[in-house]
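Enquirer: Single-letter residue listing:
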Amino acid sequence: QKEVEQDPGPLSVPEGAIVSLNCTYSNSAFQYFMWYRQYSRKGPELLMYTYSSGNKEDGRFTAQVDKSSKYISLFIRDSQPSDSATYLCAMSLRSGGSNYKLTFGKGTLLTVNP
Amino acid sequence: DSGVTQTPKHLITATGQRVTLRCSPRSGDLSVYWYQQSLDQGLQFLIQYYNGEERAKGNILERFSAQQFPDLHSELNLSSLELGDSALYFCASSEDRSHTGANVLTFGAGSRLTVL
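Note that the protein sequences, when read in sequence, are chains A and B.
In terms of the working numbering, the numbers along the first sequence are unbroken and rise by one, the last being 130.
In terms of the working numbering, the numbers along the second sequence are unbroken and rise by one, the last being 117.
If you're looking for bench data, these hints aren't it; they were derived computationally from the structure.
Just so it is clear, CB atoms sit at the ideal spot from N, CA and C, and this is done for glycine as well.
The hints are all genuine.
Calculated lysine-lysine pairs in the DSS-like style (CA-CA distance at most 27 angstroms, straight line):
1) 18(A) with 86(A)
2) 58(B) with 117(A)
3) 58(B) with 58(A)
4) 117(A) with 18(A)
5) 86(A) with 58(B)
6) 18(A) with 58(A)
7) 58(A) with 10(B)
8) 58(B) with 18(A)
Below, a sample of chain B positions facing chain A; criterion: calculated Cβ distance under 8 angstroms:
9) 3
10) 43
11) 44
12) 46
13) 91
14) 105
15) 108
16) 109
17) 110
18) 111
From just these sequences and the hints, can you work out the full model?
Expert: In structure tokens form, the structure reads like this:
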């Protein structure tokens, strides 16, 4: 079983839809949870990060972490064509001393149609 | 512009050859990370340097090597190239908030390597 599982999609939605992107993980030692957005031909950019279970909101984006279920989600409200990108979840855990290991999901390709 | 600079943007070479990818981290960042991204494998961690020293190693092949120089720029050397090495190679840098584990990485735009 992979440490981090993410449905690659593709996911296609109409403009204005609510989008739900999800990742599951197997290692309960993961402590930090992040979402990166990657536009075509660009590097990933950090969208949000959370530490504990619960919700974190930033504008139209909400990140949700459920540690008991080992499940994280990213919700996008009122989706826009400019949200079309690949969304990667990422998680980190302590790998020894002061080192932390970051593991990425494979990414979900999202297209928002005008 | 993320502040992380990678060169070259595109590279086409032949099997068996050697290439060097270069990365300048964001100003003030001491850690540099190298990742390989392919369609089937996703984003795979290769290696991390912190202030000139190797800190962590991931799925880096023996044919690949990296280093970080005193001015903090880093180079990734890929040798005896194979067709399967064709991928996007990303460099990322961080402030290295290792005491918290929130590895907030800033990525460059990547170097696209095509091996023919």
